[in-house]
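J.: Chains as they are written, first to last, in my numbering: chain A, 1 to 323; chain B, 1001 to 1434.
Keep in mind that the hints were calculated from the coordinates and are not lab data. All values derive from a computational prediction rather than experimental measurement. Mixed in with the good hints there might be a few duds.
[Unchecked claim] These stretches of chain A come out as covered by chain B in the derived footprint (C-beta under 8 Å, 3 or more residues):
id: 1; region: 134 to 142
id: 2; region: 183 to 194
id: 3; region: 197 to 203
id: 4; region: 258 to 270
For glycine and all other residues, C-beta sits at the position ideal for the given N, C-alpha and C.
In case you want the letters, here they are:
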Amino acid sequence: MSRISSSLGKDLIGLEPLSAEQIRGILDTAEPFKEISERRIKKVPVLRGKTIVNLFMEPSTRTRISFEFAEKRLSADTVNISASGSSVVKGETLVDTARNLEAMRIDMVVIRHGASGAARFLAERIPSNVINAGDGSHEHPTQALLDLLTIRDHRKRIEGLRVCIVGDILHSRVARSNIFGLLKLGAQVGVCGPRTLVPAGIEALGVERFRRIEEAIEWADVLNVLRLQLERMRTGYVPSLREYNRVFGVTTPRLERAPRDILVLHPGPMNRGVEIDSDVADGPQSVILQQVTNGVAVRMAVLYLLAGGAPERAEAAKTGGLG
Amino acid sequence: MTGGGEGGPVLLQGGRVVDPEQGIDGLCDVLLAGGRVAAVGTDLEVPEGAELVDCRGLVVVPGLIDVHVHLREPGGEHKETIASGARAAAAGGFTAVCAMPNTDPVIDSPATVGFVAAAGKAAGASRVYPVGALSLGQRGEQLTEIGELVDAGAVAITDDGRPVMDSGLMRRALEYSQTFDIPVADHPEDLGLSGKGAMNEGVVSARLGIQGKPNASEDAHILRDLLVAELTGGHIHLQHVSTRHGVRAIRDAKARGVRVTAEATPHHLLLTDEAVEGYRTEAKMNPPLRTEEDRLEVVAGFLDGTLDTLATDHAPHHYDEKEQAFDDAPFGVVGLETCVGLLLTHFVHEERMDLSTLVDRMSRSPARAFRLPGGDLKVGGPADVTILDLEAEWVVDSAAFLSKSRNTPFEGWELRGRAVRTIVGGRTVWSLEG
């Protein structure tokens, strides 16, 4: 089976291998797709006849549903496989899962997996298009793309902006994809979190490290606040959630001391009162729900492009399909 | 297989003989008889009924010894057996290997030590010396019956596969083992510092999103072992040293007379954590591949003798086990069949190390460290000999390995130099012609 080569190549494994032009291409392609979700009848025939498997080997609600909406609104046929109740828990290896999917002649796989490199592992073994919906602590490219789109919607540009990612950088695939994507589009990137959760060697990626949240807020135009996994407390990375909030929480008093109006993003799901206070999450600087809306458009764009669609034909494809 | 039976005279004619122990490096003959080295000299007379081996253009060295291999039997026979491992060793030019005890069950009793020794003998290839567990079940709590293990054939003790985390237990092991004059081998790693690390902690792990093991996890444990060895006067053998500070600490300790021997592995001499790029599980081992700065110090230590012993840490794994996501794949690489080729190509031919020093690191030093017979071609010593062709050009092809496993990071490497014949006790147990 050979695939039409897309402007992205066969797969979307991460933003690290993409060029700035490719990333801009995805964001531009997402623009015409935004409108579909605002229609009364939210369906266009772009991916009619395509079969997509959503292979979620780690629990996920938001990302899985966002992909599913994107697929369905583009008229693809979709199947969901989740870790519980699948052959995965019966001990099947990832290789065998891949081979079985391939044997059913599917067109695309969206994979979420707990191990870094799992999406690439799958992509190297099957001819279908593979989209990484989060692999371990490695990348979560569509999340970063929707973050980029949301920032661009509000600030009209990415280049030159100072974006600080706050929280558990060590375990975060969202952080890595954001770092790669933001740097490629010309932003300055900072990271801020307890040293236990900021990996050694992170500066080599080209980011600035902030020891204290106050310094990060002083510096930044945009804060992307990561979820603190509650298990990090049990495993000794942070002593308590209360202290985390006291030292690193994004709070209104802290934001009020910022020299400029800061845009606040959060990939969800939020721990209100831990990494972000409710009045910030619900306040005027927060664009958190718009991120969710943009997520569907960005995922439509990625699906369309990997299926062989051209960025400049996206508008026409909404009525005529891939053509 | 060719070769006269046990004890039949064999005359190795006209090769370049290299024996660092006796300071020999020149063209001469070697006569093996009765399972022993009978004579070394020029134009030796051909005894009645002797098998003649034409060694012109080849190099004759004391049998190579690998003091650190995992043969997986009992319990992991799908990865390797003692027989397949002994054959792989012979094909790599090794006349003897030391089998690590982290099998299932653990080699922690005279019966299991005896099993490994007997299975090794039955394989009829390289000699297989059992290494006993340091603690019962390798649980790190209670010493094994070291005296009985030695009586059954163990040549060293170790909990390899796991470090000895309890410093008090290490102290007792280094004291108690002195009665039997055996080394205590340790896999130096502070598990608390390693955490859930699956590769070296550094720039590459940060980018790949893989948890790292920092250098300090190895450094701290090496320093601990050196200090306890100094305290007790015991012999510590530090396995697979991979960090720059580790090498320096061992160099300092040797200078002040601590009884320490230490290993370098081919992979830590030749690769860095960049080899993990692409989530290559064949570059996943423990200790992990480190940075170029570390690699260079490991090389320096190997050259100056701080790391006196080359060991492969041959760690076979079934392809199903390695064909997984990086975090899920087991640690370890095979090494027996690529080792001497890699070292000849990248150290001897590149003139970083002379052949005599390489023979020291691969035969003499390991023999002395583990008090094994051999390590030289002295008359009366065991007739364990490796014949090398320094010029043979070949490409690493894991499909051709005699090992049951294929997990090498050196697949496709073009090498110059290899073993062409392996003789154990005067009997050819492997030759390139088959």
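J.: Between the region 183 to 194 of chain A and chain B, see if three or more residues pass the 8 Å beta-carbon test, and mark the coverage as holds or violated.
T.: violated (count 0)
J.: Go check the region 258 to 270 of chain A versus chain B for me, would you? Three or more residues, Cβ under 8 Å, otherwise it fails.
T.: violated (count 0)
J.: Can you tell me if the region 197 to 203 of chain A counts as covered by chain B, using C-beta to C-beta distances under 8 Å and a minimum of three residues?
T.: n = 4 at 8 Å, threshold three: holds.
J.: Taking 8 Å as the C-beta cutoff, is the stated coverage of the region 134 to 142 of chain A by chain B satisfied by three or more residues?
T.: Check passed, 5 qualifying residues.
In this structure, the earlier hints numbered 2, 4 are contradicted, and the remaining ones agree with it.
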